[in-house]
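Asks: As a plain string of letters, each chain reads:
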Amino acid sequence: MRLRKSASLFITLFLTIGAIISFFPIYLAIINSLKTQGEMFASFTALPTKLHFENYAHAFKQINLLGSTINSVIVSVIGIGGIIFCAALAGYKLSRTSGRLSAAIFSLFIASMLVPFHSIMIPLTRMAKNLHVSGSTYGLALIYIGLGVNMAIFLYHGFVKSIPRELEEAARIDGCGEFQTFFRIIFPLLLPITVTIAILDFLWIWNDFLLPLLMLTDSTKYTLILSTNTLFGEYNKEWSLILAALVLTALPVIIIYGFFQKFIMQGIAEGAIKG
Amino acid sequence: MPANRYKSIVSLLAFVAPAFIIYSLFLLIPTIGGMYYSFTDWNGLNRDYSFIGLGNFVEALREDPDFVNSLLFTLKYVLFMIVLQNVFALVLAVFIETKIRTKGFFRTIFFMPNMISTIISAFMWTFVFSQVLPQLAEKTAISFLDQLWIGDPKVSFYSIIIVSLWNGVGYMMIIYLAALQGVPQSLKEAAVIDGASPFQTFRKVTLPMITHAVTICFFLTLNGAFKVFEVVYGLTGGGPGRSTQVITMNIYEEAFSNNFRYGYASAKSVILFIIILLFTFIQIGVMKRKEVEA
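So the protein lines, in turn, are chains A and B. If you count by full-length UniProt numbering, then the first sequence holds residues 1 to 275, one letter each, in order. If you count by full-length UniProt numbering, then the second sequence holds residues 1 to 294, one letter each, in order.
Some hints could be false.
Capping the alpha-carbon separation at 35 Å, the derived lysine-lysine pairs in DSBU-like fashion look like this [said to hold, decoys possible]: (1) B:Lys99 - A:Lys5; (2) B:Lys227 - B:Lys188; (3) B:Lys204 - A:Lys5.
In case anyone wonders, no lab produced these hints; they're calculated from the structure.
Make the full structure from the sequences, and use the hints.
Replies: Structural data, given as structure tokens:
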């Protein structure tokens, strides 16, 4: 649409100011994480004169960064893998089966999407203790599967409708069993929605704070977010150290954002419109 | 064909079982359990506890000023977020949509904060509010910047809003952008030929075409805002005192940090659930009617 020059100028100005505000805290965290405490308090906005990477080294040691990154990776990989495995099977079959039982199970999954996490966190911690899964990275991943399957089932359920039934019939004639048909024929065809689900769940699990806070007590099992949280509590005034940790925690997602930007935005738009 | 039917049920259950078992353990049973505990005086430890009917609910709403205050504080937050988050997201989306050449750049920048964990965002902003802005105020003599951003309850409400918007606007913007792309260019051009101003075109053509997205974004904002926890936890910790405590924090505190009153905290979380359901149904109901009108 054509706009008058003044309107166009106003829009550019508005967006530019917005972009500066949007990026400012990230910029501040990065530049100040590379300064000494003294340099920082002289001016927070000035660029560092010399790059002080020792803050990062310090943060690396203080919060067992390597260990907690590995924990976060384990939880994310098992969580996402489990969600995809369970939800693809269920979503596919529920979508292909008509009848009251199938509809009832599907409704049960979907209805629970409305339940806020905070309403179940108390009985959930009890359940985790009773099943001896609290306090472990693997247990945490299991809980993510339980909490995440409903949304994934919903997305798979919708996507399966776009896959022609003839493919399964052909496979059956060729002598494939039901599970074989699923894993050989159907699952590869679900790839686009699988990618969407994997990305959305990665962002959720990687960035989640409250569930790890409730489940993990042993600091060697902490996820990255949880480790940063303890650092923030303990070293309240050591800003250069804290900022280095914040940058390190945010970096993996920013990098992934750079690579998968298109998929992420598409996934959000799809997830929202179908939801 | 009963044998065939039996076979198909078995096959259905075989496919659904892995998801259903794990879902039952960690979502379904806890949901039911929470509702059950909400009618008891269970402290989370003792084996025996008794049913006290609606006692917990009555106590929470009548005799617990901290809970009621957290409820009111959350409601105020929800209201601000619904209006501001959607206005900003929609304005950004519409503006970006007019800038075809730099669209990708602005979209990337505005969405970036959403990638960062909420709690990390809150810590980053704590740095900005407690260190950077006071120093900037000193250097530039703009006294407005020198506030107790997170120390004064009146101001810290707005600080919480700022961080929430910073973190969340990009997400809604993406949804609005996707919806805007679905509006046929020809309709807008026709309106321009008929002499409509850009604002009129937006009001009369574009907005009615994207009401579906508005409903979704209002729903998402409403749901997310009632559940706010991390931003407040990271920024003010609910303080000073309990002045910025939100419902979720009140529940958390009740169950995990000071009282260990599981039954009572469960009742509070059931209240939260009911409030969210109620508001969601009202919102969807009202907006669906609007969609039909348009």
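Asks: Are the Cα atoms of Lys204 of chain B and Lys5 of chain A separated by 35 Å or less?
Replies: Satisfied, since the Cα-Cα distance of roughly 23 Å is no more than 35 Å.
Asks: CA of Lys99 of chain B to CA of Lys5 of chain A, is that 35 Å or under?
Replies: With Cα atoms ~13 Å apart, Lys99 of chain B and Lys5 of chain A stay inside 35 Å; holds.
Asks: Given the hinted pair Lys227 of chain B and Lys188 of chain B, is their alpha-carbon gap at most 35 Å?
Replies: violated (38 Å)
Checked against the numbered hints above, the structure breaks only hint 2 and satisfies the rest.
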